[in-house]
Amino acid sequence: MTTTFDLGSLTPGDVAQVVRIDGEDLLAGRLEAAGFWPGTTVSVVRCAPLGGPIQYRLRGFRLALRRNEAQRVLVRRVDAES
Amino acid sequence: MNDVRSPDSGAGGTADDGGAGASTVDAGSSSDSTLTTIGLVGRANSGKTSVVMHLTGTARRPVNFPGSSVECVECRARWEGRDLRFVDLPGIADLAAVTRDEQEALSFLQGESKIGKPDALCVVLDASKLSVELRLLREVGRLGLPLVVVLNKVDVARREGEEVDVDALSARLGVPVHVTNGLRGTGVKDLRRPLLDATQVGAGTELEDFDPEELGRAVTSAAAPGRRNITDTLDGILLHRVLGLPILAVVLYLVFQSVYTVAEPFMGWVEAGQEALAAAVESGLDPGALRAFLIDGLINGVGSVLIFLPQIALLIAIVTILEATGYMARAAYLLDRLLGRFGLSGRSFVPLATSFACAIPGILATRIIDDERDRLATILVAPLMSCSARLPVYVVLIGAFFPASWAGLVLFALYALGIVVAVLVALFLRKTVLRGGQSMLVMELPAYQPPAWRVVGRSVFSACKNFIVMAGTIIFATAIIVWALSYYPRPASIHEDFEAQRATVTADANLDESVREEVLSRLEFREHRAYFEQSYLAKIGKTIQPVFAPAGFDWRITVGVLSAFPARELIVPTLGILYSVPDVDPGGYDLTALTGEAPDGLRDRLRNAKDAEGRPVFNALVALAVMVFFALCSQCAATLGAIRRETGGWHWAAVTFGYMTGLAWLAAVAVYQVGSLFGYGLPG
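Order-wise, the sequence lines are chains A and B.
Going by this note's numbering, the first sequence opens with residue -14, and the numbers climb by one from there.
Going by this note's numbering, the second sequence opens with residue 15, and the numbers climb by one from there.
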């Protein structure tokens, strides 16, 4: 199925694949430069306390995004492999 | 040091930078034809700074991009008779500039920067995230410049479970890929030949066409699949939902504790050196203007600032180590939400925490904030954090006017006042002058690694050097002015009057020798005070006193406040002179004195001080107003100098001075007036 979510709506432990980045502004450019390319596998590692930034893992490194930043990345859910 | 600003080097300052930023181009750096410029390009955390340090090993010096606060570092080297200049550019993620750092780096790469054009580029790639690095390489490759491609952090990639096939990468790119370890410096020497060659080919390096995603995947393989690496294990603890913040609090506590305890003996040395120097001058010179200037103006003025050098060096070292190991990014991650509510960002945290010891390293540390508005807001509120120089003032006044059981509470309230006001000011700034813009986080949490000690050493050295230069120029100048105003005029009548009194005492045969000495030394002190009370500084104090009258300050407190503008702790010796206590040492108070039993000379004098009509000039309310004034006022020339340096002009330094001093006055007046309403004012 091809239901897309925004990356900010996922919870720790979820794994997803990037579909596209929403918009074409500076933030979109930043996300692009950070490696959120279509097809990239992203896993949600953890959320900071007090509703702070969310830590992701993609392309072999760790990245922190605020929730509103993560919402700009549209993803497709992938079954977490065992 | 390139901080000496020539009047106008023709670079043409833009209107909005106050004209001060236009003149830092090194003479000859861009026009010298024999000098070859190599730009170091890479993302933040790629390790290019360590690479360039191992490459040259020579003194690095900061270079300001004209007309902006952005600073990069350049190193010089002479290889095979050729002079090379390495420009360590701010980290960039791609060639779309967002921050001012990136804009300047980009204009340099495109040959449009005033700091010169690159003859060749050294692109440093982080092996642990190869595909995004290759995307940057592809963009840089389109600039048409000779390139040397360096693959760094191969060991980190291996720890993270990825092995890069360097030969395959070279083959696919069509250029050699040089492997280095920036931490240890291995492989860096082998870069010399390719770099020298690259500067001579004269044509841009042609990279084979590639897709970063596909190529990255093609040349990496899993090294040790399934193994949980040390970074993930550490993050599991340090970024824990519940434990993360308490651990951060403990780390910070230890940092501050060490800053106070470890720096203490070194500060003692500075103080001892200062005293020894003053004593040598005192014994070597006859009394007079020169001796008074050297001791009171020069040695004590500059010394009272240099005393903070050990703390600054230590803090910079700790901050650099925390940054290099990767923990600082975690602290920013943990606190981003909290600080975001106050219009700051997670990255503002370290500079603000540092400012509790001293605002100067705090302001230097704001360089890690990549959003310019966040950075400015942080710089502007950092001096509100109660720095260690405020402590002597608090200790003297709390000890004199508050019962010991209240001391801790009052002290805590003064620290809290600074924080609360800083939060309100930050909110205000972000809603007005620094409004707008979407501050972004998008922050990498790099793999943990030991710090490159060479980088730490250089950072400390460079911070200390900047601080000493500042102490030697701005502080020096202000110390001279304040001293001269407090020393002149020297009417002969005062001298003759005291000479006569001395003659009487000396001639009095009934006096015991020890009593005579005592009386003579008191006379000398009273002479000192007599001069002071008719000095220009005192006249200014009496003239300006009406401004501070609503806060309950008499002319002497006003003079103390005025003399403390170069460095706030200077009020202690000034009050000492004004209230007839000799030998007041600004550094000699510590927290233990708050609860100490021994009567303190200055405190007793302050308690008992009377004005011309015999009314007391000080009480607890006045003392509180003075302390509130000191908590908020911008009384540190060194901090203003640091703000000028870091923002590229006097503009923001003036704003800081204006708002802090204004708020300090308002708050002091509010304290005194409200207190007086409740009957705590001075009788009169």
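Be aware that a few hints might be false.
Claimed, not checked - Partial list, computed: chain A residues near chain B (C-beta under 7 Å):
#, residue
1, 12
2, 37
3, 49
4, 51
Claimed, not checked - What follows is a list of derived Cβ distance ranges for each label pair:
#, chain 1, residue 1, chain 2, residue 2, range
5, A, 52, B, 483, 27 to 33 Å
6, A, 2, B, 271, 28 to 34 Å
7, B, 483, A, -10, 36 to 42 Å
8, A, -2, B, 286, 36 to 42 Å
Source of the hints: derived by calculation from the structure; they are not laboratory data.
Idealized CB from N, CA, C, for every residue including glycine.
Against the structure, the hints:
Hint status for residue 12(A) relative to chain B: holds, with the closest Cβ pair at about 6 Å, below 7 Å. Taking 7 Å as the C-beta contact cut-off toward chain B, the hint placing residue 37(A) at the interface holds, the least distance being around 3 Å. Taken as an interface hint, residue 49(A) checks out: its beta carbon lies about 5 Å from the nearest beta carbon of chain B, inside 7 Å. For residue 51(A), the interface hint holds, the least distance from its beta-carbon to any beta-carbon of chain B being 5 Å, beneath 7 Å.
For the pair residue 52(A) and residue 483(B), the supplied restraint of 27 to 33 Å is violated, since their beta-carbon distance comes to about 44 Å. Taking the beta carbon of each, residue 2(A) and residue 271(B) are about 47 Å apart, not inside 28 to 34 Å as hinted. For residue 483(B) and residue -10(A), the hinted distance range of 36 to 42 Å is not satisfied, since their beta carbons lie about 55 Å from each other. Checked against the given bound of 36 to 42 Å, the beta carbons of residue -2(A) and residue 286(B), roughly 60 Å apart, lie outside it.
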